[in-house]
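Protein chains: 2
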Amino acid sequence: MTSISIIGTGNMSKAIAAVAERGGNNVQTLGHSDSNVAVNGDIVVLAVPFSAVADIVDQRGDSLTGKVVVDITNPVNFETFDSLTVPAESSATAVIAGLLPNSHVLKAFNINFASTLTDGTLGSAPTTVLIAGDDNGAKTVLAEVVRSGGLTAVDAGSLSRARELESVGFLQMTLAASEKITWTGGFGLTA
Amino acid sequence: MTSISIIGTGNMSKAIAAVAERGGNNVQTLGHSDSNVAVNGDIVVLAVPFSAVADIVDQRGDSLTGKVVVDITNPVNFETFDSLTVPAESSATAVIAGLLPNSHVLKAFNINFASTLTDGTLGSAPTTVLIAGDDNGAKTVLAEVVRSGGLTAVDAGSLSRARELESVGFLQMTLAASEKITWTGGFGLTA
Chain W
1 MTSISIIGTG NMSKAIAAVA ERGGNNVQTL GHSDSNVAVN GDIVVLAVPF SAVADIVDQR
61 GDSLTGKVVV DITNPVNFET FDSLTVPAES SATAVIAGLL PNSHVLKAFN INFASTLTDG
121 TLGSAPTTVL IAGDDNGAKT VLAEVVRSGG LTAVDAGSLS RARELESVGF LQMTLAASEK
181 ITWTGGFGLT A
Chain F
1001 MTSISIIGTG NMSKAIAAVA ERGGNNVQTL GHSDSNVAVN GDIVVLAVPF SAVADIVDQR
1061 GDSLTGKVVV DITNPVNFET FDSLTVPAES SATAVIAGLL PNSHVLKAFN INFASTLTDG
1121 TLGSAPTTVL IAGDDNGAKT VLAEVVRSGG LTAVDAGSLS RARELESVGF LQMTLAASEK
1181 ITWTGGFGLT A
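Listed in order, the protein sequences are those of chains W and F.
Heads up, the final residue of the first sequence is numbered 191 in the numbering used here, and it's a clean run with no missing numbers.
Heads up, the final residue of the second sequence is numbered 1191 in the numbering used here, and it's a clean run with no missing numbers.
Note that these hints are calculated values from the structure, not bench results.
Keep in mind that a hint or two might mislead.
Straight-line C-alpha distance at most 30 Å; calculated BS3-like pairs for lysine-lysine [what the hints assert, rightly or not]:
id	chain 1	residue 1	chain 2	residue 2
1	F	1014	F	1067
2	F	1067	W	180
3	W	180	F	1014
4	W	14	F	1180
Just chain W, with the same shape it has in the complex (with noise of 0.2 Å):
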């Protein structure tokens, strides 16, 4: 069992519990106003969009020392819909990771609709989640999380494969928003 703190309280926040949940961990779960309450998991699921990470970071940076963090965004410029808002050549999580170097930070969740997480499938196959970060440790933890919820983990690779599984994650949103798919579809993984 791991202990898991989700800041945020929206659709990935609820979905990513129900995972954790099914797998008998522990999960508690914070609002970006509850700075007062100290987050008690070892993993630290950031559910929170990218534009209100660095307010969050400015909030727990101290606590989070020595935690698995978890980005989960899309930095998605949403005024153009055409772009991400980090540097074409960073990502969020590189960003993030920049913030917080004495985390272990990860990519995880950023190309699963909500519904996929809580459901459990996508299509007829296991959701599939995949993590990348460069701490082997923190992505074996994070992947028993994810497979004791009845998903399937993959290891993505480094940490800079965030920007590949953001460009996943931008274009799945563009699919879904101009109805060549639905918000529970999304890009799956195949073996």
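Model the placement of chain F on the given structure of chain W, informed by the hints.
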């Protein structure tokens, strides 16, 4: 029925030819060195590595005027296997479109491993071909060929989405090269 010329003779050339022929389309396959043989297709697929495209364009540029030109490349830096060789804010397709301003340049097939085109399936579902480009008529012509061969075609948006498709293709190649998936698997799209 559509006429398709495929330049290149490797696995992807054969796989795309198989799709087109299944749909009853007319297929001409040309080697890189067959520069003295005119293309006769309305669609011209550049089934060569990105590094060979400039030479093909030098040879055939004028004869590609007005044609639908399909870029299938993933411009991976094979020395580092950690990035693409095109600028981060650009794409191979954007570069090729710049070289061929009088053609209708599309991105397609770059996230489809060859066997998933030949077999027509990825896992238990029909293989999906994502098509990006700025010319809707060109996308429709190519989508009809894809569907005639039993595959699913999805409009992935404007030419600028080629960048995200190349990120998907690159990520998929790293997953196969690191044996997280096989070369018969990959990303599929659930509607």
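Right, here's what the structure says about each hint:
1. A threshold of 30 Å between alpha carbons decides the hint, and for residue 1014(F) with residue 1067(F) the separation of about 21 Å falls inside it, so the pair holds.
2. This hinted pair checks out: residue 1067(F) and residue 180(W) have alpha carbons roughly 26 Å apart, not beyond 30 Å.
3. Simply put, residue 180(W) and residue 1014(F) have alpha-carbon atoms about 28 Å apart, close enough for the 30 Å limit, and the pair holds.
4. Between residue 14(W) and residue 1180(F), the direct Cα distance comes to roughly 28 Å. Compliance with the 30 Å bound is thereby established for this hinted pair.
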